[in-house]
Each structure stands twice: as C-alpha cells, then as structure tokens.
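Generate coordinates for the entire structure from the input sequences, incorporating the hints supplied.
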Amino acid sequence: MNQAAESDLVERLLDGEHRALARVITKIESRAPGYRDIISDIHSHTGHASVVGVTGSPGAGKSTLVDKLAKFYRDRGETVGVIAVDPSSPYTGGAVLGDRIRMASNVGDMDVFFRSMSARGQLGGLSTATSDAVKALDAFGKDRIIIETVGAGQNEVDVVKTADTVVVLVQPGSGDDVQMLKAGILEIGDVFVVNKADMAGASRTVAELEEMIHLRDDPRANLDTGHHGHDAFDDDHGSETDTDGTDEATDADSEPPSWTPQVVETVATQGEGIETLVDTLDDHYTYLTDSGELDEKARQRAAEEIRQLLRSDVGELLERELDAQGGVDDFAAAVVEKETDPYAVTEEVLEPLRDCLGDRDD
Amino acid sequence: MSADSEQQTIRCLIAKVGLDGHDRGAHVISRAFRDAGFEVIYSGLHRAPDEIIQATVQEDVNVLGISILSGAHNTLVPKVMDGLEEYGALDDTLVIVGGIIPEEDRPGLLEEGVDAIFGPGTPMQETIDFVKENAPERT
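As they're listed, the protein sequences go chains A and B. In this text, residue positions in the first sequence follow our numbering: the first is 1, and each later residue adds one. In this text, residue positions in the second sequence follow our numbering: the first is 363, and each later residue adds one.
Honestly, the hints are just simulated from the structure, not real lab data. Be careful, since some hints might not be right.
[As the list claims (entries may be wrong)] Derived CB-CB ranges, DEER-like: (1) Leu-318/A - Gly-383/B: 53 to 61 Å; (2) Leu-472/B - Thr-289/A: 39 to 47 Å; (3) Gly-315/A - Glu-473/B: 47 to 55 Å; (4) Glu-17/A - Ala-394/B: 51 to 59 Å; (5) His-389/B - Asp-282/A: 34 to 42 Å.
[To be verified] Some chain B residues flagged as far from chain A (calculated, every beta-carbon gap over 12 Å): (6) Ser-405; (7) Glu-421; (8) Ser-432; (9) Asp-454; (10) Gly-461; (11) Pro-464; (12) Asp-477; (13) Ala-478; (14) Ile-479; (15) Pro-485; (16) Phe-492.
[As the list claims (entries may be wrong)] Chain B stretches covered by chain A per the calculated footprint, using a threshold of three residues with CB under 8 Å from any CB of chain A: (17) 386-399; (18) 445-452.
Just so you know, even glycine gets a beta-carbon here, dropped at the ideal spot from N, CA and C.
So, in structure tokens, the structure goes:
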C-alpha cells in the first residue's frame, strides 16, 4: 500500500469509519508494510481513553464480565473498545477466538468495537501489537478500552501491563489457583474480582485474597481493605499501622495518595456487582490522575515501547548480518564440532556493529 | 522473530445465523480451519444478521462462513450481504455458505454475492483449499 492510501485510511479512521479502524488493526496485527507510518500518524490523536486490562484463568468469566462492563459504560453514554487476546497453536499458528460468543449484551451496537486477537507466536511482540491496537481505538475516539486476556504467562502479563488499571479475576474455591497466581498475576492486580460470587466458597476466596494483599503491602499501608483505596488511607491514616509516628492531621494532606488493591464480588452472568466494580475502577483512575501515576505510567509505557521496538529492530539487523556472514547453520555446526564456541561466534558477528558504534569495551 | 516480519494469517468468522441449533458442522469446520492455520472466530448459536455483520466488519475477517441448516437462508443471507455492503465490507470478504441449501436456491444466493456453497459431504480439504486460494488479501 502506498503513502496516499495509508493517510487516507488514517483519515477515515479519525472520521469514525468502523471499517477503517478494523483494517488498521489488521495491519497492526499482521505487521503489514506501512503500519508503522499509520501508528506514527495516529499517535498524536491518542491519550483520551482510559484503559482497563482484565485477566484471569480460563473459565473465570472474563468475557462475560467484559460484556457486562461494556454494557454498563454504553448505558452511561460512553463508547467502548474491547481487545480480546486468545492463544494460538504453536504448531499450526491457527486459533479459535471464542471471546466474542459472550458479547451478548451489545448485539448490533457498533459503538462497542470488539476485536479478537491471537498471539500469533510473536515473541514479546504481542504487547506491542496490543498497545498499538489500543492506540487505534483511542484515536478512533473510544472513551473506554478494555483488554481481555487469559492470564497464562509472561506474555499475557506484559499485555495487561499496558493498561492503566489491571483487573484480575478469580473464581471461588480456587484456593490452589490463588496460590499459583501469587507470584505473577497477584502482583499486578489493582482490583481483584471474585466472580461467580454466588458459588460456595466465594467468601473464603475473598478472605484469602485480602490476606494476600495485606501480606504484600508495605508496612504503612492500610490494613483495612474494606474501603476504597485512597479514601481509606485518608480516613485511617495514623492508626496503629502508621510507623513513622507523625501527626496524622497534618500528615493526611501532605502524603501522596496511595492505592490498596480492592476486592470486588460479582456475578457477571446476572450483572451483579458490576456497578461496584465500575465505581472501584473509577476510584482507581481518579487515584492515578491525582497521584500523577497516570503520567508516570504513560512514560514507563513509552519507554518500554521504545525498548521493545529497538530490540526487535536490532534483532532483525543482526539476523541479516548473521545471514551475510554465512548463516546460523554453519556457525551452529562449527560450535557442535568444537571448532568454535557460541561466545566467540557472537563476538564475531557483532564485530562490525561494535566498530560502527565505536565501542570501547575492550 | 522480529516485529516487522509480516504475518499474514487468514481470519475466518464461522457464523450460525437464525434459529438453528445444529452446530456440529460449524464446530467441525472451525476445528479444521484452526488446524489449517487459520484464525477462527466462532459466533456461537442463534445470531441475528446484525451480529454477524458487526462481527465481520469489526474483526476484519478475510472469510465469512455462514452455516445454516434451518432452511431460512433465502431470508437471512441477503440481510447479511446488505449489511456488509453498507459497511463497505462486501468487496473484500469471501463469503461461503455451508449446510442444507437446496439446488434451486443456489443461483439466488450466488447472485446475492455469496462466493461458494458447500453442501454436506464436501471434503474438508476442498473447503480449506478454496479458502486458501480465494481469501482476499489484506494489504
């Protein structure tokens, strides 16, 4: 596609043409020629939407919850974009993207733009593709963007981290699941949702989650998670958990607001608890804005994007250099034959690059 | 794998439209398409034409496969085709229909813009090959 067609596409996207938005996301997904120019063009039009990431184990009810969330926002008059990421087969590259099935509340409502994406085996590229797709939705003018992904591994964690607010879904009675989540996903959740709260064991799961949240808190943070984050901090600051011993009256105003992860119970299929969840999400967004963390997050994201792009571009350059020097197969054979070793090969391949950069490592 | 190695993957929407509860065929074809390396989005049962249109437009699929065994194809398929046209998605979407379509209804559907009709007993590979050869590219 030529330059003119690309800027035409961008123009149509900014004009609110659904088909153009869909095509831009396709280009982002497939790394089609010229997709970078498109991102560059729309970048200045982004930054208006709030982004929520939803993750959790398969069957926890993510899609259903996202559907109800989208419905709630739509009823408030806001427009919604959803990106649902599903895994793809590492063998064939094929995938069945099934999240759309649950989007029953927003039938025929074009102002909910729902897009399924597969991982396509991209090494670390998935988070880049997702955040680019979020930009497209943002530039299109969506007020709320929801990223939904199975919380299966580092890839997904990276994806969800591109959101402003991270929601982690947990099912009741999944004590072992929670244990498993401890190390990875539990650390990134701003809001925890115990879905299917009408099931037996829900209150126990809530209690376990709250206990875990306390454990990871810093000592000054509030031990009572029954309230919303920064309100709770202001109300109860200076209680027995306050270790610095300063006067609470003056301290409450001068301390930057903090956020304690909240636990919300929902029954997504019935729409129960959705309003509380939305309130909590709004509270978190307010906290992000007030504390300046929103800007800080944006900067971190931008830094990560730059690094990611640099890594992949440099990787490509090196791949070409490797080919120019005879290809990886010959080197690999030589390493196996003990004629050389991996470090020496790396050194050899990198030498021209080091020369160019004037590297003075030695 | 670098960020710019282009990855063209055929995306398909397998859609069940109308009051038709027979989805074995749709499941089988979804699975076969997945194993052929396609990305398959399955609509679920009992979808209205509007939902199919919305999904086709938003997902920017190369291929829309409509599975219909209820006999309502002459009513439902034209509605889907009209909607696709409205959103400018008709020209670059390959539309195939599977299921029970009587011989005498086929010319009418093809005239509506359906690209191919695959009845019962069609070898899976034939459908896959047809899609691979005819799926419009996204460039």
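- Query: Is the distance from the Cβ of His-389/B to the Cβ of Asp-282/A consistent with 34 to 42 Å?
  - Reply: Between His-389/B and Asp-282/A, where Cβ atoms are some 40 Å apart, the hint holds.
- Would Pro-485/B pass as off the interface with chain A, using Cβ distances and a cut of 12 Å? holds (19 Å)
- Message: Quick check: does the Cβ-Cβ distance between Leu-472/B and Thr-289/A fall within 39 to 47 Å?
- Response: violated (56 Å)
- Task: Just double-check Ser-405/B for me: nearest Cβ-Cβ distance to chain A has to come out over 12 Å.
- Result: violated (7 Å)
- Given as non-interface: Ile-479/B, partner chain A, CB spacing beyond 12 Å: Label holds. Min Cβ-Cβ 23 Å, cutoff 12 Å.
- Query: Against chain A, does Asp-454/B keep a CB gap of more than 12 Å to every residue?
  - Reply: Violated: least Cβ distance 9 Å, not greater than 12 Å.
- Against chain A, does Asp-477/B hold up as non-interface, every C-beta pair farther apart than 12 Å? holds (19 Å)
- Given as non-interface: Gly-461/B, which should sit over 12 Å from chain A by C-beta: holds (19 Å)
- Task: State, for the Cβ atoms of Leu-318/A and Gly-383/B, whether the hinted interval 53 to 61 Å holds or is violated.
- Result: For Gly-383/B against Leu-318/A, whose Cβ atoms are near 55 Å apart, the range 53 to 61 Å holds.
- With a C-beta cutoff of 8 Å, work out whether three or more residues of the region 386-399 of chain B approach chain A closely enough for the coverage to hold. holds (count 7)
- Message: Given the hint of 51 to 59 Å, is the C-beta distance from Glu-17/A to Ala-394/B inside that range or not?
- Response: violated (34 Å)
- Check the non-interface label on Pro-464/B: least C-beta distance to chain A beyond 12 Å or not. The assertion about Pro-464/B holds, with a minimum of 29 Å to chain A.
Checked against the numbered hints listed earlier, the structure breaks hints 2, 4, 6, 7, 9; every other hint is satisfied.
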